[in-house]
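Just need the whole structure built from these sequences, with the hints factored in.
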Amino acid sequence: MTIGEIRFVGDPHLGHQLVSGLRGFDSVEDHDHQILANMARVAQPDTIWWHTGDEAFNGWRGRIAAFAEIPGTHHLVLGNHDRAFPANSNSYKYVADYLEVFASVQLAARISYEGRRLLICHFPYDGDTTGRGEERFEQWRLRDLGAMLIHGHTHSDQRISHSTRGTVQLHAGLDAWGLVPPTIGDVLAEAELL
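Mind the numbering: the sequence shown is residues 1 to 194 in our numbering, read in order.
If you are wondering where the hints come from, they were derived from the structure by calculation, not from laboratory data. Keep in mind that the hints are not guaranteed to be accurate.
[Said to hold, decoys possible] No farther apart than 25 Å at their CA atoms in a straight line, the calculated lysine to any residue pairs in the SDA-like style are these:
| id | residue 1 | residue 2 |
| --- | --- | --- |
| 1 | Lys93 | Trp140 |
| 2 | Lys93 | Trp60 |
| 3 | Lys93 | Arg61 |
| 4 | Lys93 | His81 |
| 5 | Lys93 | Phe57 |
| 6 | Lys93 | Gln106 |
This is the structure in structure tokens:
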């Protein structure tokens with residue numbers, strides 16, 4: 001069995017006016033249209049999509065339904081702004097809504113690619129406190145045992161960082177990739193540049 005190309009969608013923030021503005025869009029509609037158009041442009045029927053969280057805001061059910069129109073199989077690693085994220089009140093009530101669009105919904109995932117063991121989580125292991133002091137969401141982060149981590153959350157244009165233990169953290173968020181979902185090869189190529 002062959003598998004399709006693996007792509008990442010980190011922090012699309014559909015329906016989020018603040019993020020739309022920070023990304024230079026005049027309206028939420030223009031922002032969302034561009035994100036979805038970028039996904040559709042690179043999608044194939046066998047694309048495996050790993051969404052790294054923070055999918056949608058106002059009218060979130062309708063907005064995440066748009067992902068089902070993008071060819072491929074979609075998996076969701078929950079982010080802190082997703083309704084089903086367990087830090088949110090009554091999060092369990094929303095899991096079924098996400099499962100109408102995503103083949104799986106989880107807090108983290110492990111995949112293998114070309115002999116590498118890779119972890120996927122919305123959050124980096126650490127190091128995203130820039131100007132805020134202490135780490136947030138610590139109880140929802142993976143424990144750093146040295147596995148390369150692919151994450152979202154930071155909204156940084158920085159594609160690679162290192163945890164305090166020196167572990168490679170690869171940022172797959174759309175802000176680091178010109179709003180175009182990167183392939184797993186694109187993301188891993190950043191690690192090879194070390």
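Structure-based check of all given hints:
1. Lys93 <-> Trp140: Judged against 25 Å, a Cα distance of about 19 Å means the pair holds.
2. Lys93 <-> Trp60: Measuring from Cα to Cα gives roughly 14 Å; hence the hint holds.
3. Lys93 <-> Arg61: Within the cut-off at roughly 13 Å; holds.
4. Lys93 <-> His81: Holds. Lys93 to His81 sits at ~15 Å (cutoff 25 Å).
5. Lys93 <-> Phe57: Holds, at roughly 16 Å.
6. Lys93 <-> Gln106: holds, 14 Å
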